[in-house]
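All chains should be built: construct the whole structure from the sequences, respecting the hints.
Those protein sequence lines, which keep their order, are chains A, B and C. Residue 1 is where the first sequence starts when you use our numbering, and the numbers rise one by one after that. Residue 1001 is where the second sequence starts when you use our numbering, and the numbers rise one by one after that. Residue 2001 is where the third sequence starts when you use our numbering, and the numbers rise one by one after that.
Derived from the structure by calculation, the hints contain no laboratory data. From a predicted model like this one, the values you see are computed outputs, not experimental measurements. Check each hint, because a few of them may be wrong.
[As the list claims (entries may be wrong)] Residues of chain A placed beyond 12 Å of chain B at every Cβ, according to the derived structure:
| hint | residue |
| --- | --- |
| 1 | D82 |
| 2 | D232 |
| 3 | N322 |
[Claimed, not checked] Residues from chain C shown here face chain A by an in silico Cβ test under 10 Å; the list is partial:
| hint | residue |
| --- | --- |
| 4 | G2232 |
| 5 | Y2273 |
| 6 | R2321 |
All C-beta atoms in this analysis are idealised placements derived from N, C-alpha and C, irrespective of residue type, glycine included.
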Amino acid sequence: MASANFAEPPAPAPAYRLLPFRFERWKKREVLLVNDVGDSAFLDAPTFYALVGHCLSVASPGYLELKSKLFLTDGDPTVAIDLLATRYRTNKSFLSGFTGLHLFVITLRCDHSCPYCQVSRVKDGGSRWDMSPETAERAIDLMFRSPSPTLKVEFQGGEPLLRFDLIRSIVERILERNRTEGRQIEFVIATNLAPLDDEMLAYLKDRSILLSTSLDGPAPLHDANRPRPGRDSHALVEKNLARAREALGHDRISALMTTTERSLAQPREIVDEYVRLGFDSIFLRSISPYGFAVRTGAAARYQTSHFLDFYRAALDRIIEWNRRGTPIREVYSQILLSKILTPFATHYVDLQSPGGAGIGAVVYNYEGDVYASDEARMLAEMGDFTFRLGNVHRNTYEEIFGGETLRSLVASSVLEGLPGCNRCAFLPFCGGDPIFHHRTQGDPIGHRPTSAFCAKNMGILRHLFERLRSGDRFVVDLFTSWATGVPAPRCEEEAPV
Amino acid sequence: MTDEVAVTVDTTLHSRRAIFEACYKLTGQNFVTLTRDPGNPNLVVIGFRARKDALDPSIAGIFANELIDQEIRGALDREMAPIRELIVAQAFAEGNLLDSLREDGDYSEDPLGIGQLR
Amino acid sequence: MSLRLQTQGHPSPNLRANVLGRISLVPTGREARGDTVRLLRGGDPDADLDDYAGILTEAEVPESTPAPWISHARCLDHLSAGDVVLLQPTGGVRTLFRPASPHNSIFTTDRCNSYCVMCSQPPRTIDDSERIVEHLRLIELIARGAPSDIPRELGITGGEPTLLGNDLLRIIERCRDLLPETALHILSNGRLFYYGSFARRLAEIEHPDLMIGVPLYSDLDVEHDRVVQAPGAFGQTLIGLQNLGRFEVPVEIRVVLHRMTIERLEPTAAFIYRNLPFAAHIALMGLEPIGLAVKNLDSLWIDPRDYAETLEAATFYLAARGLDVSIYNHPLCAVPRSLWRFCRRSISDWKNEYLEDCSTCSVRARCGGFFASAVERRGMLRLKVTPIGL
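Written out as structure tokens, the structure is:
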């Protein structure tokens, strides 16, 4: 047995090999490095140049951190490669279930006239705008062909509650089929809450169905954004929210907001309204360039830099509420922070490479057409069927999910192969959104320097990194608890026994 | 107030890829043109014109620095490519591509001598 | 309290191989005698000594007794009914299992392929591979004891248990079959799980409640290898851990805190989170000043008060990420109050002691106290306690 001569310092490390990373210039002559699995490090410029010049010494500050975080290796490289491969596989594990989110657009009828609506809504009745039972049945068949052990079924429209009977029959049919399938199934209805009644609430409770509604902000803003006859959308939301919470439980209803030109001036007020109505999360979404949004010119007036101002101000307000002891988190930030701070995969379809459209989520339209996403469906409404994957009545599962349309869509969303993305430090955190680029720029790959999607994500990511480095312990702990889903362990002294 | 700035780049010093990557990044704010110098085939003239508002007065410096960064990125990509590919291949491989002993090595035989007593 | 686990006496001529048996203080039925070592207290008028696995006494044993025996034992007060003992041809009597203790282990081998600078059980190069028979017999004896004596948890330790190879798998299988309600806690350096087939075979046993505790001393290969004194160990351990994780074998990461590991404790915690987030448990452990640690004590020992900040940062870092973390072998007065909820009474009962001043402490009942070996050296270690007032 060797004797213990551990007191000697280790021999100087041999030359190191770089492990894959990308970099971005930062303020104050710093450089951000992000490796292929999403771990990050900040270096000052001289250290960065020494690193890439292969003359960084093991004694220099930063060397050991870079080694620990797998930016360089000076020992057996196969160990580092094995660790990175495991991380990479974990990051891409969202692929293994394939299609987990299935959206059923069961009717186009709606009593609201929101200018930014991504659905061309029709006011008249008549079931020609509704999904037929046969179409629903075919869609359910296709859904169960997905290998995913968990399936999330989301009812959309128009206003899906206008055909509550159809919701009920689809839910029952799925539960019946699931007796042999054995998947974990979750149901959500995206609704403006207006048609809710007690009978519906009883059923929703019985089947543990979640609700997702739109809340754009305080009443004047919300009503201006979301007009309906009577101009009382907000009042209805507030009333029915209370009713639904009482019947189903407080956390069974979530809310999404959509940002319009009007919203941009009111970040604090919107956040405050979410807090006032008892929500613990808010999703700051930007306006999308589809459907009625384009026709009414809302998207055209919309500048990404103004959205970023709005986002930063809203995030400030959210943090302030948390400091005061009111927990509220921002969902888009949470997804990005999860990618930055944890080794786990996220499941938000627009921030994945390959992109989630079609493979993570799919839309079954009322007449049976199958689309890769909401946005793809909207393009069809405008006469552009580029991203229609097929039809439940005319195509097989293999044709829809293995066909050329989906394949080329997926190929154009792999960031490692896109100009402007493949050398970007933020690649591990981002997504491609080919449908957005097709719509706004004319091709699915798009032009990165003028892409609103790119500018938005880069702006938000830069802001989040700045906040993480600000030295504000509260913000770091808060962001960590958002990313991990674990409440921050309190550092208080324990009370005496 | 200039409308257009021209930068001359020596193609024996800079790679084609780096030149295009740097140009691409600036096509957001600018119209960018590339022309060979008729007198010297190793020189390329890159023209910048603002798309809207005024041309950034430091555009030449911005481009020059971006060009160097893209050269670094290109060098890094070349250096890292084999390991990058190995990581992705290993991530989705059945079995271990780095050392098959990590998959089917016989722990009783212990070919690597891991169990050797100290 | 610290307890005796070993004594010595005169062996009978026919005690030529190790004998295992469960202690009984009273005569037993004939069917159970093959499993039993009959302990005779002085003056027991017990004529019928046939068919026992062994006889044990402080007094004499009649020459005609056919069963193997150890007589004139120095002290037998520490033994209770249900304890499993090993009678050795040398006259040694070792306690292998005590139902009264929550801390029982099967000590599988003296051999190890690492040589940690603070090893509390220094390895020996002897071929003890035939002891597998004893290990399997021990499991059987435990299983055949009184139902209330079945342990909730059983450790598998050494040396390095994986050096047994397939015999380790046999031990686990037997525990699965005979002690299905007993959780197994295997302590291993994890290096031989570099061979994925070993991890896979272990997982295939499908033991219902098993965890492998693996030490990791740093986020850097050179530092870890320096502590374990085996070049390449860090890489082998990490590949081993990845293999165990791949086959869903529950894994615990153990970090012993001393001068060679404390400096990089926070980066090590971050490394564990990034690469081993599937770890079922993380133990941050105080140093036991015994074995090899004693020789190197000057270079190893550090008063926990001196690393309070870093321990707090590392613990909260892991807890904030949802990892189950515990602090072992630290008395409560030596750590910040904010960490008390992570502290466990981890020191095995038979080597657990407190200092005199602890008697006035209001939290003594939930404090883990000290290692007996630390108390023994309390001057040199400058051990101090700060009794917590009410």
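Hint by hint, here is what the structure shows:
no. : hint  : in the structure
1   : D82   : violated, 6 Å
2   : D232  : holds, 42 Å
3   : N322  : holds, 35 Å
4   : G2232 : holds, 7 Å
5   : Y2273 : holds, 7 Å
6   : R2321 : holds, 5 Å
Hint 1 alone, counting from the list given before, is not met by this structure.
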